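2 protein chains.
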Amino acid sequence: MEDIIKTLKALCDETRLRIMKVLLERECCVCEVMQALDIFQSRASRNLGILQDAGFLTARREGTWIIYSIDRDSANHYAQSLTKMLEKLSLDNEILAQDKERLKNAARVGPGYVRNHRLSRK
Amino acid sequence: MEDIIKTLKALCDETRLRIMKVLLERECCVCEVMQALDIFQSRASRNLGILQDAGFLTARREGTWIIYSIDRDSANHYAQSLTKMLEKLSLDNEILAQDKERLKNAARVGPGYVRNHRLSRK
DNA sequence: AATATATATGCGGATATACGCATATAGTTC
DNA sequence: GAACTATATGCGTATATCCGCATATATATT
Chain A
81 MEDIIKTLKA LCDETRLRIM KVLLERECCV CEVMQALDIF QSRASRNLGI
131 LQDAGFLTAR REGTWIIYSI DRDSANHYAQ SLTKMLEKLS LDNEILAQDK
181 ERLKNAARVG PGYVRNHRLS RK
Chain B
81 MEDIIKTLKA LCDETRLRIM KVLLERECCV CEVMQALDIF QSRASRNLGI
131 LQDAGFLTAR REGTWIIYSI DRDSANHYAQ SLTKMLEKLS LDNEILAQDK
181 ERLKNAARVG PGYVRNHRLS RK
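Just so you know, the protein sequences line up as chains A and B, in that order. Heads up, the first sequence is in this note's numbering, so the first residue is 81 and it goes up one at a time. Heads up, the second sequence is in this note's numbering, so the first residue is 81 and it goes up one at a time.
FYI, nobody ran anything at the bench for these hints, they're computed from the structure. Only a predicted model underlies this, so the values are computations on that prediction, with no experimental measurement involved. Note that CB positions come from ideal geometry on N, CA and C, so glycine has one too. Just so you know, not all the hints are guaranteed correct.
Said to hold, decoys possible - Computed from the model, here is a short list of chain B residues facing chain A with C-beta under 7 angstroms:
#1 85
#2 88
#3 89
#4 161
Stated by the list, open to error - Across the chosen pairs, the derived CB separations fall in these ranges:
#5 A/164 with B/185: 36 to 44 angstroms
#6 A/147 with B/121: 49 to 57 angstroms
#7 B/185 with A/118: 52 to 60 angstroms
#8 A/141 with B/157: 36 to 44 angstroms
#9 A/129 with B/94: 20 to 28 angstroms
#10 B/181 with A/187: 54 to 62 angstroms
#11 A/123 with B/83: 18 to 26 angstroms
#12 B/94 with A/142: 37 to 45 angstroms
#13 B/144 with A/177: 45 to 53 angstroms
#14 A/129 with B/167: 29 to 37 angstroms
#15 A/175 with B/188: 43 to 51 angstroms
#16 B/94 with A/123: 20 to 28 angstroms
Produce the entire structure from the sequences given, and follow the hints as far as they go.
Here it is, written out as structure tokens:
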């Protein structure tokens with residue numbers, strides 16, 4: 081029962097649902113996710129980690145970046161079912177539409193550096 | 081997006097998953113649910129309410145009791161999908177097995193009164 | 001090796017969630 | 001209508017969750 085609770089908990093959050101919808105469009109590195117959702121780096125990283133830990137995502141390193149993508153062959157059956165359910169979700173939602181729009185311009189090495197590190201240096 | 085979040089949040093809780101598994105066995109009044117899960121009345125009632133509000137359950141009055149049951153024709157598609165997913169969950173879990181066992185002896189007007197009101201009167 | 005960059009994580013604070021207790025509410029029975 | 005009973009709910013508390021800030025870690029580049 082722990083498994084399914086963990087799986088559901090991973091998904092019942094707006095940020096993570098948005099991430100899932102973005103990754104269903106295409107795989108992304110962390111900085112692309114933060115650009116698409118317009119959020120801070122730590123938030124993107126942490127929520128990607130939660131989704132990965134629950135079995136929704138896989139990650140691979142590619143140079144400097146860590147590329148996250150939907151894990152279609154996840155050992156977690158619940159995650160697979162839920163992912164399929166999400167795919168059917170229509171994009172009538174305003175927030176998701178904006179994410180998708182920003183995703184088009186998102187690229188590796190984006191303004192992410194600015195949004196996190198630069199700011200903290202003042 | 082609010083809908084799906086609400087739906088998922090309703091399900092990602094151990095108590096409510098247990099309730100769902102019990103109601104998949106058979107419809108129950110509140111006091112039967114509290115007997116099956118061995119929990120207090122307020123907890124049973126509140127979580128049944130959350131599941132109903134999310135579209136998993138329907139309730140009807142029958143005499144003194146309110147009978148809750150799985151809403152197979154829910155307007156909430158996510159709830160329907162998730163319910164079907166839950167049905168496939170095997171009962172290898174210890175807690176769920178105990179609930180199911182207690183459910184056999186559960187009946188309307190059970191020890192529920194004792195567990196809540198009597199106790200508070202000391 | 002030193003610097004730079006992309007990602008991960010410890011921490012504190014704000015908010016949300018779940019529970020038990022007590023009580024309110026609504027329907028039943030006499 | 002008074003007493004009884006099944007269910008719902010206000011409230012306080014304990015715990016969990018989420019975020020941003022700051023920093024740590026790991027890889028790349030020179």
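### Query
Should the hint that residue 141 of chain A and residue 157 of chain B are 36 to 44 angstroms apart at their CB atoms be regarded as holding?
holds (38 angstroms)
#### Entry: Pairwise beta carbon distance, residue 181 of chain B to residue 187 of chain A, judged against the given window 54 to 62 angstroms
Holds, since residue 181 of chain B and residue 187 of chain A (Cβ atoms, about 57 angstroms apart) stay within the stated range.
### Task
Could you check the hint for me, namely that residue 164 of chain A and residue 185 of chain B are 36 to 44 angstroms apart, CB to CB?
Hint holds: Cβ distance 39 angstroms, inside 36 to 44 angstroms.
### Query
Does the Cβ distance between residue 94 of chain B and residue 123 of chain A fall inside 20 to 28 angstroms?
holds (27 angstroms)
### Task
Would you check whether residue 88 of chain B satisfies its interface hint, that is, whether its CB is within less than 7 angstroms of any CB in chain A?
Holds, about 3 angstroms.
### Message
Hint validation: residue 161 of chain B versus chain A, beta carbon distance must be below 7 angstroms. Holds or violated?
### Response
Holds - the Cβ of residue 161 of chain B comes within 7 angstroms of chain A, reaching about 5 angstroms at its closest.
### Message
Is 29 to 37 angstroms respected by the C-beta to C-beta distance linking residue 129 of chain A and residue 167 of chain B?
### Response
holds (31 angstroms)
### Satisfaction of the hinted span 49 to 57 angstroms by the C-beta atoms belonging to residue 147 of chain A and residue 121 of chain B
holds (51 angstroms)
### Query
Is the distance from the Cβ of residue 129 of chain A to the Cβ of residue 94 of chain B consistent with 20 to 28 angstroms?
The hinted range 20 to 28 angstroms holds for residue 129 of chain A and residue 94 of chain B, with Cβ atoms some 23 angstroms apart.
### Query
Has the hinted range 45 to 53 angstroms been met by the Cβ atoms of residue 144 of chain B and residue 177 of chain A?
holds (50 angstroms)
### Task
Mind checking the hinted window 43 to 51 angstroms against the Cβ distance between residue 175 of chain A and residue 188 of chain B?
holds (46 angstroms)
### Message
Does the closest beta carbon of chain A sit nearer than 7 angstroms to the beta carbon of residue 85 of chain B?
### Response
Result: holds, 6 angstroms to nearest chain A Cβ.
Going through the hint list in order, the structure satisfies each hint without exception.
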